[in-house]
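Q: Using the sequences and the hints given, assemble the complete structure.
There are 4 protein chains.
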Amino acid sequence: MTPQREDLIDHACLIVDGPDQSGVVAAIAALIARNQGNIVSLDQHSTDPSGGRFFQRVVFHRANFAVVKDEIEADLAATLEPFGMSWTLADLSIPKRMAILASKDDHCLLDLLWRHRRGELPVSIPMVIANHTTTAEDVRSFGVPFFHVPSQAGPDKSQSEAEIVRLLKGNVDFVVLARYMQILSSDFLAQVGVPVINIHHSFLPAFIGANPYRKAKERGVKLIGATSHYVTEDLDEGPIIEQDVVRVTHADSADDLRRRGADVERAVLSRAVLWHAQDRVLRHGNHTIVF
Amino acid sequence: MTPQREDLIDHACLIVDGPDQSGVVAAIAALIARNQGNIVSLDQHSTDPSGGRFFQRVVFHRANFAVVKDEIEADLAATLEPFGMSWTLADLSIPKRMAILASKDDHCLLDLLWRHRRGELPVSIPMVIANHTTTAEDVRSFGVPFFHVPSQAGPDKSQSEAEIVRLLKGNVDFVVLARYMQILSSDFLAQVGVPVINIHHSFLPAFIGANPYRKAKERGVKLIGATSHYVTEDLDEGPIIEQDVVRVTHADSADDLRRRGADVERAVLSRAVLWHAQDRVLRHGNHTIVF
Amino acid sequence: MTPQREDLIDHACLIVDGPDQSGVVAAIAALIARNQGNIVSLDQHSTDPSGGRFFQRVVFHRANFAVVKDEIEADLAATLEPFGMSWTLADLSIPKRMAILASKDDHCLLDLLWRHRRGELPVSIPMVIANHTTTAEDVRSFGVPFFHVPSQAGPDKSQSEAEIVRLLKGNVDFVVLARYMQILSSDFLAQVGVPVINIHHSFLPAFIGANPYRKAKERGVKLIGATSHYVTEDLDEGPIIEQDVVRVTHADSADDLRRRGADVERAVLSRAVLWHAQDRVLRHGNHTIVF
Amino acid sequence: MTPQREDLIDHACLIVDGPDQSGVVAAIAALIARNQGNIVSLDQHSTDPSGGRFFQRVVFHRANFAVVKDEIEADLAATLEPFGMSWTLADLSIPKRMAILASKDDHCLLDLLWRHRRGELPVSIPMVIANHTTTAEDVRSFGVPFFHVPSQAGPDKSQSEAEIVRLLKGNVDFVVLARYMQILSSDFLAQVGVPVINIHHSFLPAFIGANPYRKAKERGVKLIGATSHYVTEDLDEGPIIEQDVVRVTHADSADDLRRRGADVERAVLSRAVLWHAQDRVLRHGNHTIVF
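Those protein sequence lines, which keep their order, are chains F, G, X and D.
For the first sequence, position 137 (counting from the first letter as 1) is numbered 137 according to UniProt numbering, and the numbering increases by one without interruption.
For the second sequence, position 27 (counting from the first letter as 1) is numbered 27 according to UniProt numbering, and the numbering increases by one without interruption.
For the third sequence, position 60 (counting from the first letter as 1) is numbered 60 according to UniProt numbering, and the numbering increases by one without interruption.
For the fourth sequence, position 257 (counting from the first letter as 1) is numbered 257 according to UniProt numbering, and the numbering increases by one without interruption.
In case anyone wonders, no lab produced these hints; they're calculated from the structure.
Source: prediction; values computed, not measured.
One or more of the hints may lead you astray.
The list cannot tell twin chains apart, which means a pair is met if one copy fits it or any two copies do.
Unchecked claim - List time: in silico DMTMM-like cross-link candidates among lysine to aspartate or glutamate, alpha-carbon distance up to 20 angstroms:
1. K215 to D236
2. K215 to E237
3. K96 to D234
4. K96 to E120
A: See the structure below:
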């Protein structure tokens with residue numbers, strides 16, 4: 001289903017996060033070595049070497065990793081507990097399951113489906129859920145199931161959100177809002193229980209909220225942008241994963257901004273999704289560390 | 001004093017602005033032709049061809065322009081009055097006089113002085129005014145007069161502003177705030193009576209107000225920027241001339257942002273100043289048209 | 001078929017090109033005015049105001065343009081002949097007919113088809129011709145005819161080229177090579193008789209010829225790029241329409257370069273195609289002027 | 001002399017380079033830990049985890065580093081010898097000594113001097129050597145010695161090169177060619193014995209050799225660039241450290257290209273110099289790894 005991951009068999013990704021302290025790098029490297037792992041790549045960041053927080057992402061190769069994963073996890077627990085570090089250990093050959101939520105606009109949705117088909121995104125896509133049916137045929141032509149969950153009229157969205165949760169629950173590892181034009185309740189976020197990635201059509205924190213391209217035109221900015229971020233209870237305030245901009249001029253209409261912005265949106269979202277799928281994005285409060 | 005303008009002798013810049021209507025382009029072009037002008041460059045923009053506003057910038061060559069400027073102006077008045085257009089006609093060989101206001105930070109100030117010495121900015125610089133003396137020696141080494149006007153303590157800045165107005169009044173065609181860290185009163189702006197260009201150290205409208213780099217670090221943005229705009233009564237809300245951004249990461253400290261932002265600031269400000277000096281920036285409400 | 005052009009009914013695009021001289025701008029503007037045209041946009045460029053070459057693109061609105069096009073053309077001939085100018089007058093509501101030639105790689109091809117469906121490209125697409133069948137189903141799902149013309153083995157491509165010419169001849173206004181991996185003979189170019197636009201997967205003139213990403217990796221460059229140009233007899237030497245680059249690092253493999261380059265390729269090609277379709281690209285020797 | 005390095009007292013930078021193999025990361029981390037070092041940052045790269053080449057840069061803090069440097073070096077020799085790795089260990093509080101060679105053009109030279117004064121470049125600058133005297137006063141105003149070594153007429157530059165070598169020998173850790181318009185002989189490079197960094201005014205490998213802006217104008221490219229690289233015997237072929245580009249149009253003259261290119265040149269060179277000064281640039285054949 002995601003053939004690009006075949007070359008990742010026996011590749012593990014270890015994420016470690018905790019208070020920075022002397023010896024922790026050596027302890028992790030020694031652990032990998034004594035478990036016959038061969039480090040493929042290693043990135044780390046410390047917010048402050050004395051008293052700060054430490055983050056590390058290590059990809060290592062270990063023959064028959066699936067067989068010994070439990071053993072390594074036991075070693076990790078024993079080794080990192082004294083340091084007060086938390087950690088996750090993922091098998092990189094198992095793609096994350098990504099659901100996409102969409103509305104009418106197809107540019108971000110189709111770009112993700114197309115990149116997935118090309119083998120550029122190491123995920124599986126068990127479903128697309130949309131509150132319109134306009135993209136159903138396109139989605140299914142990629143061999144991906146399409147579910148239509150119409151938006152509930154009125155401010156109470158609990159029924160339609162409940163239906164979406166029923167579809168997602170247990171079936172996905174993260175959710176991407178590909179220009180999904182409904183605001184999700186904090187109740188929904190709590191129930192769905194996996195990371196949700198959004199693409200906002202402005203260079204946040206500029207032009208928070210609705211109609212950013214109209215606002216950008218009104219303010220007369222010379223660059224427009226897009227921002228991909230994790231969704232939190234606070235609208236447009238979640239940790240930013242990636243941003244980019246494109247130059248515009250007085251001659252560009254609001255429609256031109258929308259058209260040119262769409263290109264930035266799909267580029268930014270696809271990078272954020274790729275990095276999340278590769279476990280490259282670590283959250284730290286309302287920030288991200290992108291390795 | 002500004003040798004690059006020698007090649008602009010007999011070059012005129014006509015700016016026209018008014019309600020868009022049929023025939024206005026032909027009328028202007030015919031006027032230039034019957035006054036023996038040879039069009040060098042022409043840019044125009046209409047906010048809406050039917051019922052919108054029309055803007056045009058024409059540079060033309062006319063032998064002995066200085067001698068016939070009055071005649072052409074009379075023709076312009078007669079020709080454009082029926083169209084309800086306003087206009088200005090400038091002799092491009094006469095550089096605009098630019099004053100720079102600065103504080104302690106030298107990056108924007110020195111960049112402008114250095115570009116001017118290289119012949120990149122078609123202006124004269126009759127004075128630099130600063131509320132600190134740290135840059136005095138550097139400024140004078142460029143052969144530019146330096147005046148120290150200390151900032152007045154307390155909220156009332158009327159005395160120090162009055163002193164600055166006395167220095168500027170009648171001596172300059174525009175003022176550049178090269179990271180001048182004082183907020184100017186609307187009274188000052190009214191009295192000084194010439195355009196004032198500021199450089200704000202953020203990608204406006206993000207991070208309006210003080211300490212944008214600290215705010216950018218707190219928000220965890222992936223790009224930082226700078227914005228050059230005309231100063232109006234509304235702080236950080238004036239018409240934007242130019243903006244740019246640079247990529248940053250989680251590994252960049254607030255100091256790194258400041259250092260990298262300084263490069264964007266001086267680049268953005270120098271472009272805004274160049275375009276203003278060349279009469280390329282037309283104001284339309286709170287927007288700019290940059291030809 | 002190209003619904004975005006409905007708003008362009010009665011819009012004409014006049015391209016003028018010839019020796020720069022006094023009065024030509026006025027003559028053209030007067031011509032448009034006396035033919036009841038209302039100028040919507042105007043761009044011009046002179047390689048040198050005295051003795052250089054002059055280029056102008058004017059879009060104007062004229063009620064019932066289709067009815068009076070012949071009359072305006074007669075006026076243009078009479079008016080511009082004395083100036084020695086050449087010109088074309090196009091009805092902007094009639095989309096240009098664009099054929100796409102492709103091979104196996106689908107990123108540029110699908111991006112053009114998708115942008116066309118969104119209404120972003122003011123063209124009609126009468127056919128896609130490919131030397132492989134891998135993209136047939138995708139192409140037809142956009143409602144576009146797909147023709148398979150296998151590449152001829154050996155150096156003599158005259159038969160397959162003749163078949164392509166038979167398909168194109170009279171049916172298209174320009175041809176786009178969307179990563180078409182065959183070199184076209186000068187004979188083919190002469191017979192097809194319309195502009196041919198290529199996308200080269202490097203920042204020309206760097207890495208001319210085959211395998212530019214491998215060469216880029218070998219040279220250790222820090223940016224890779226793509227170039228869209230008109231095809232001439234000299235391989236990779238035709239007039240450049242658009243270029244762009246993206247940053248890469250030592251950590252990017254040749255495959256990464258290919259993947260990231262593909263994004264630049266489709267972005268650059270789509271801009272070049274849009275501008276060509278809008279008559280914004282004027283050729284001047286081996287250069288382009290892009291208005 | 002370079003006050004920014006005070007905060008780097010007791011900071012060491014270890015560079016390791018050798019065949020990739022299991023356990024090497026753990027061995028290095030354990031070494032730093034047993035020598036009471038606290039890792040501040042760590043970057044590594046492997047050209048291929050099995051059978052490739054491994055590169056690592058570790059910055060660590062060790063109280064009284066200067067006192068124990070010899071001990072740590074002995075430990076490094078004993079530890080890394082079995083792995084066949086080579087290494088260097090630098091005291092980050094001791095700035096590298098940088099000489100600048102210049103000609104008439106001042107933009108790269110002054111930018112480096114100004115950044116150094118601002119504390120942005122962790123180097124000392126014992127001298128500027130130029131083959132013209134135009135920049136002497138400016139250089140000395142920064143408190144930096146200026147030496148004039150005129151270029152020798154004719155193809156034989158051995159005498160002037162010998163004089164430059166006499167000035168540099170033993171006094172500098174690296175040399176920057178800040179638009180120094182003389183080609184240095186391989187003999188010179190051998191005798192000077194330290195890395196030499198150049199800034200080339202094109203996006204290499206495009207427009208190798210002289211007059212790249214003229215060539216860029218002739219070819220009609222839409223972006224121009226600059227490249228900073230280590231100087232080797234093969235002109236313009238050395239390992240690339242950094243590159244960047246800026247957009248240009250048909251309306252830009254060759255002079256405009258030169259002016260806009262100068263901004264890119266100084267930006268690219270200053271980044272390359274900063275990274276080299278921080279030991280972030282590792283050479284690998286004709287490539288660089290920039291951490």
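Q: Confirm or reject each hint.
A: Against the structure, the hints:
| no. | hint | in the structure |
| --- | --- | --- |
| 1 | K215 to D236 | both (16 angstroms within a copy, 16 angstroms between copies) |
| 2 | K215 to E237 | both (18 angstroms within a copy, 13 angstroms between copies) |
| 3 | K96 to D234 | neither (26 angstroms within a copy, 48 angstroms between copies) |
| 4 | K96 to E120 | within (13 angstroms within a copy, 34 angstroms between copies) |
In summary, the structure is inconsistent with hint 3 from the numbered list given earlier, while agreeing with all the others.
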